[in-house]
Amino acid sequence: MAGIYIHIPFCKQACIYCNFYFEKGKKNQSLLVDALIKEIALRNNEITEPIKTLYFGGGTPSYLEFNYLENIINSVKANYDLTEISELTLEANPDDINLERLIQWKSMGINRLSIGVQSFFDSHLKWMNRAHNSEEAESSIKEALKLNFEVSIDLIFGIPNSTHEQWLSNLNKTITLGVHHISCYGLTLEPNTPWEKLIKRGQYPSSNDDLSAEQFEMADRVLQENLYEHYEISNYALKGKKAKHNSSYWAGEPYLGIGPSAHSYNLITRSWNFSDIKLYIESLSNNKRPFEEEQLSKENRINEYLMTSLRTSDGIDIEKLNELDIPVDDLKKQLTEEIKKGFVVLNDKALKLSPKGMLYADAIASKLFV
Amino acid sequence: MQHIRNFCIIAHIDHGKSTLADRLLEYTNTVSKREMMAQVLDNMDLERERGITIKSHAIQMNYVFQGQQYVFNLIDTPGHVDFSYEVSRSIAACEGALLIVDASQGIQAQTISNLYLAIEHNLEIIPILNKMDLPGAMPEEVKDQIVDLIGCDRDSIIPASGKTGLGVMDILNAIVDRVPAPKGDLNAPLKALIFDSVFNSFRGIIAYYKVMDGRVRKGEKVKFMNTDNEYHADEVGALKLEMEPRAEVLAGDVGYIITGIKQAKEVKVGDTITSVVNPTPIAIQGFEDVKPMVFAGIYPVDTEDYEELRESMFKLQLNDASLVFEPESSAALGFGFRCGFLGMLHMEIIQERLEREFGMTVITTVPNVSYKAYTNKGEFVEVNNPSDLPDPSHIDYVEEPYINATIITSSDFVGPVIALCMDKRGTIKNQVYLTTNRVELTFEMPLAEVVFDFYDKLKSISRGYASFDYSPSEYKLSHLVKMDIMLNKEPVDALSSIIHRDRAFDLGKKICKKLRELIPRQQFDIAIQASIGAKIIARESLSALRKDVTAKCYGGDISRKRKLLEKQKEGKKRMRSVGSVEIPQSAFMAVLKLDD
Chain A
1 MAGIYIHIPF
11 CKQACIYCNF
21 YFEKGKKNQS
31 LLVDALIKEI
41 ALRNNEITEP
51 IKTLYFGGGT
61 PSYLEFNYLE
71 NIINSVKANY
81 DLTEISELTL
91 EANPDDINLE
101 RLIQWKSMGI
111 NRLSIGVQSF
121 FDSHLKWMNR
131 AHNSEEAESS
141 IKEALKLNFE
151 VSIDLIFGIP
161 NSTHEQWLSN
171 LNKTITLGVH
181 HISCYGLTLE
191 PNTPWEKLIK
201 RGQYPSSNDD
211 LSAEQFEMAD
221 RVLQENLYEH
231 YEISNYALKG
241 KKAKHNSSYW
251 AGEPYLGIGP
261 SAHSYNLITR
271 SWNFSDIKLY
281 IESLSNNKRP
291 FEEEQLSKEN
301 RINEYLMTSL
311 RTSDGIDIEK
321 LNELDIPVDD
331 LKKQLTEEIK
341 KGFVVLNDKA
351 LKLSPKGMLY
361 ADAIASKLFV
Chain B
1 MQHIRNFCII
11 AHIDHGKSTL
21 ADRLLEYTNT
31 VSKREMMAQV
41 LDNMDLERER
51 GITIKSHAIQ
61 MNYVFQGQQY
71 VFNLIDTPGH
81 VDFSYEVSRS
91 IAACEGALLI
101 VDASQGIQAQ
111 TISNLYLAIE
121 HNLEIIPILN
131 KMDLPGAMPE
141 EVKDQIVDLI
151 GCDRDSIIPA
161 SGKTGLGVMD
171 ILNAIVDRVP
181 APKGDLNAPL
191 KALIFDSVFN
201 SFRGIIAYYK
211 VMDGRVRKGE
221 KVKFMNTDNE
231 YHADEVGALK
241 LEMEPRAEVL
251 AGDVGYIITG
261 IKQAKEVKVG
271 DTITSVVNPT
281 PIAIQGFEDV
291 KPMVFAGIYP
301 VDTEDYEELR
311 ESMFKLQLND
321 ASLVFEPESS
331 AALGFGFRCG
341 FLGMLHMEII
351 QERLEREFGM
361 TVITTVPNVS
371 YKAYTNKGEF
381 VEVNNPSDLP
391 DPSHIDYVEE
401 PYINATIITS
411 SDFVGPVIAL
421 CMDKRGTIKN
431 QVYLTTNRVE
441 LTFEMPLAEV
451 VFDFYDKLKS
461 ISRGYASFDY
471 SPSEYKLSHL
481 VKMDIMLNKE
491 PVDALSSIIH
501 RDRAFDLGKK
511 ICKKLRELIP
521 RQQFDIAIQA
531 SIGAKIIARE
541 SLSALRKDVT
551 AKCYGGDISR
561 KRKLLEKQKE
571 GKKRMRSVGS
581 VEIPQSAFMA
591 VLKLDD
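Residue numbers (the numbering used here), protein chains in the order written: chain A, 1 to 370; chain B, 1 to 596.
Since the hints were made in silico from the structure, they are not lab data.
Don't take every hint at face value.
Have a look at the derived ranges for each label pair, beta carbon to beta carbon [to be verified]:
1) A/203 - B/432: 29 to 37 Å
2) A/133 - B/570: 40 to 48 Å
3) A/111 - B/541: 51 to 59 Å
4) B/564 - A/253: 21 to 29 Å
5) B/570 - A/14: 51 to 59 Å
6) B/579 - A/197: 54 to 62 Å
7) A/203 - B/509: 50 to 58 Å
8) B/509 - A/294: 45 to 53 Å
9) A/197 - B/165: 46 to 54 Å
10) A/197 - B/509: 29 to 37 Å
11) B/564 - A/109: 31 to 39 Å
12) A/14 - B/534: 51 to 59 Å
Only part of the chain B face toward chain A is listed, based on derived beta-carbon distances under 10 Å [as the list claims (entries may be wrong)]:
13) 29
14) 545
15) 550
For glycine and all other residues, C-beta sits at the position ideal for the given N, C-alpha and C.
Given these sequences and hints, build the entire structure.
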């Protein structure tokens with residue numbers, strides 16, 4: 001199973017917490033799309049098997065002019081085998097979504113929207129410098145569902161000064177609207193973000209881990225009560241609605257990443273394009289892909305497996321451990337404390353995190369690293 | 001002998017000693033321009049970087065004056081109070097001293113104490129006003145200070161600049177003219193003063209000495225009087241830029257001797273070399289076994305590196321006899337060593353040399369001085385480690401070492417300096433105006449207070465201008481207690497300290513607070529407590545870490561996340577645990593960095 005990720009590095013405005021690679025405005029869209037199309041063609045020999053998933057991430061892919069998006073998709077079609085494609089996702093912001101666009105996207109084969117809602121409260125949206133308001137958040141979801149898109153939304157918890165009631169209300173609204181898939185992210189302070197600067201200037205509060213932890217547990221409980229499966233630390237889905245593209249990352253399957261800052265994986269190496277639009281355009285005008293890569297050692301591979309699988313509801317597969325020559329008893333010994341506290345659950349088939357254990361996934365994974 | 005001149009240089013750090021010394025070597029053609037690496041004398045990397053001399057060095061120059069050939073022996077001395085005994089021995093080997101004073105900064109405390117030492121030994125002082133090329137030079141004012149201090153003739157002060165070469169010829173001529181030739185009896189039994197030794201990995205320990213009487217001959221049997229060891233003089237010679245073997249080194253001259261000694265401890269600075277066949281009846285006066293002033297534990301960061309650390313310490317001791325250590329173990333830190341140092345700088349140097357020369361990163365515990373405890377039964381216990389202190393119920397009384405501290409500062413800062421010293425339990429002894437705006441203050445204070453952040457504080461309250469020097473005075477009765485630190489009720493032995501009773505509450509509070517900052521939150525609540533015996537005197541609590549999880553794997557950026565977790569694992573490996581609490585290395589030095 002193979003997937004393609006395409007990075008669209010343009011946004012209307014900067015959200016305070018974001019450290020993804022993007023630039024404000026549309027002025028380089030035309031040149032960049034030309035370069036993307038070149039990279040798509042240039043790398044068509046890297047994956048020969050049929051593509052199962054195509055994912056437009058960003059930045060803000062919905063901010064891309066319609067004809068550009070169409071050109072990109074056509075170029076993918078021309079260079080790769082899309083006969084078996086089952087999921088074609090576009091990340092979209094509520095303020096970009098209207099009936100006309102939805103119809104256009106549908107016509108191009110896009111069947112899944114990942115909508116950056118984050119919150120249904122205007123105070124939160126303003127605080128984070130999002131470009132939409134709560135009304136647009138709600139209406140965009142309704143429209144997308146009406147047109148039979150598979151709809152996923154992003155929600156952010158742990159917003160400083162937010163209340164548990166507000167978080168519960170966000171969850172309930174999502175459930176009521178009938179959203180198929182939810183990505184719940186704890187607000188995380190990343191370096192070199194506007195938020196970091198605002199904190200340094202004393203104008204914004206910093207992150208609040210206790211609040212985040214409590215709201216994480218609320219989501220786990222409320223969403224599961226409403227039939228959403230908590231299938232990855234940050235992801236919940238109704239039956240049959242798990243994100244296929246993202247799941248392939250966690251399952252260690254190969255993917256091709258197109259565009260500035262995009263990452264690729266071919267089972268042997270991981271590589272990533274430079275995070276610089278100008279350099280990217282320039283390099284591809286000479287038919288060269290500007291990237292760095294890392295050969296994975298056996299240890300790297302084992303650690304990645306432990307780290308990603310521990311985040312999923314399937315957990316670490318005992319059979320797979322045997323294949324990798326890792327004695328289960330060793331892991332058990334290392335995790336005595338965590339098992340005792342009920343953070344880790346071990347049975348014949350798998351080693352999994354409990355909801356409480358998920359809050360310490362990084363600590364537990366790094367402990368297991370070889 | 002009439003044509004030999006032995007001299008040292010007295011100067012404060014950064015007053016340009018090494019640069020000027022290099023000029024002397026250059027002008028006497030001892031070192032060609034081509035061979036001249038900046039500052040030949042400070043040949044340890046660490047010395048060059050810090051701009052200080054840690055070990056003594058000696059170098060011989062030839063100089064022709066009025067048709068006569070002269071031999072100059074320059075004995076370069078360490079410039080820090082930690083090494084004052086070595087300085088005193090170097091001074092004892094000389095007949096003259098160049099007093100170098102920065103024309104833009106004036107005289108500093110360290111200069112004065114070494115100057116007095118030189119005057120005590122009847123050295124001829126040649127005052128030099130260095131850095132005359134600097135725009136901030138205030139020659140007249142600094143000349144006043146010098147005249148005041150040594151009562152010399154104003155015209156005898158030589159203006160100079162190591163940078164431009166100004167005054168270098170005048171200095172060379174003054175050495176011939178003013179420094180007396182050494183006195184000594186060539187026919188008397190051999191008597192040579194050891195003022196330093198170096199370690200050479202091929203040849204063993206090489207001792208540097210000045211021959212007071214008689215001669216040191218190659219092939220002769222010699223005896224080091226204080227250690228009472230006899231050796232065969234395999235090689236003797238003069239200390240040019242390289243060692244220059246000779247058949248003999250005569251009275252009045254400075255030289256080296258190689259005898260195949262492997263351990264630096266056998267060669268003690270201040271010891272007397274004499275002949276086995278024809279020994280001198282009396283050794284040279286002033287020999288002292290140097291005693292460590294400051295003690296601290298040194299532990300490998302990775303417990304598995306204990307053996308490697310042990311070997312490194314032994315190797316370091318080969319060329320630094322003043323380092324003493326013995327194995328100790330700590331519940332928190334595992335196996336390591338309790339080490340004795342001459343002072344805080346010496347401790348820092350050892351730590352840095354372990355890191356640079358042996359690739360050993362170490363955890364150093366909070367340093368302490370050596371206390372004397374007397375029990376109810378009248379027994380005496382030397383306490384070099386807080387854990388050595390007997391149970392309070394058995395203690396009759398405890399004494400701690402005091403020092404005489406000299407501080408020279410601008411009169412603007414007298415108030416804050418006095419306040420600082422009083423705060424450090426000091427009592428003011430004297431206050432002298434050296435000039436209208438430079439004051440010399442003398443205090444008696446506990447050495448232990450200087451070991452904690454004293455020097456940094458002094459620098460900051462005086463905007464870097466106050467200079468500081470001290471000499472040990474005596475042991476005095478003091479109300480001392482042992483303060484323990486506990487994490488979740490488990491004592492952390494490496495964090496125990498001996499402190500004055502009146503400061504315990506304040507210090508305990510600060511340490512707990514600092515630890516609360518330094519210990520990362522863990523999956524459970526942590527109680528941080530300071531106690532004296534069973535009594536809790538301070539408490540902080542660190543609430544549990546509620547989450548340790550990354551929100552998402554960025555668009556397939558799995559490498560970045562893996563590397564973050566790898567780093568997290570590495571970081572944990574370097575932590576120590578007491579009970580189930582993990583403690584970062586930085587916490588063990590926490591007490592030294594308490595902010596007010």
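Hints versus structure:
Hint check: residue 203 of chain A to residue 432 of chain B, Cβ distance near 53 Å, so the stated range 29 to 37 Å is violated. In this structure the supplied range 40 to 48 Å holds for residue 133 of chain A paired with residue 570 of chain B, their Cβ-Cβ distance being about 45 Å. For residue 111 of chain A and residue 541 of chain B, the hinted distance range of 51 to 59 Å is satisfied, since their beta carbons lie about 53 Å from each other. Range check, residue 564 of chain B to residue 253 of chain A: Cβ separation about 22 Å, and the 21 to 29 Å hint holds.
Judged by the Cβ atoms, the range 51 to 59 Å given for residue 570 of chain B and residue 14 of chain A is violated: they are separated by roughly 33 Å. Restraint check, residue 579 of chain B to residue 197 of chain A: a C-beta distance of roughly 40 Å breaks the suggested window 54 to 62 Å. Separation of residue 203 of chain A from residue 509 of chain B is about 32 Å and departs from the stated range, judged on CB atoms against 50 to 58 Å. As the Cβ distance of residue 509 of chain B to residue 294 of chain A is approximately 48 Å, the hint placing it in 45 to 53 Å holds.
With their beta carbons about 53 Å apart, residue 197 of chain A and residue 165 of chain B fall inside the hinted range of 46 to 54 Å. Checking the proposed 29 to 37 Å range against residue 197 of chain A and residue 509 of chain B shows it holds: the Cβ atoms sit about 34 Å from each other. In this structure the hint that residue 564 of chain B and residue 109 of chain A lie 31 to 39 Å apart at CB holds, the actual value being about 36 Å. Distance hint check: the CB atoms of residue 14 of chain A and residue 534 of chain B are about 58 Å apart, consistent with the given range 51 to 59 Å.
Violation of the interface hint for residue 29 of chain B is found here, the shortest Cβ-Cβ separation to chain A being roughly 56 Å, above the 10 Å cut-off. Look at residue 545 of chain B: its Cβ gets to within about 7 Å of chain A, closer than 10 Å, so that hint holds up. Look at residue 550 of chain B: its Cβ gets to within about 6 Å of chain A, closer than 10 Å, so that hint holds up.
Violated hints, listed in ascending order, are 1, 5, 6, 7 and 13; each of the other numbered hints is respected by the structure.
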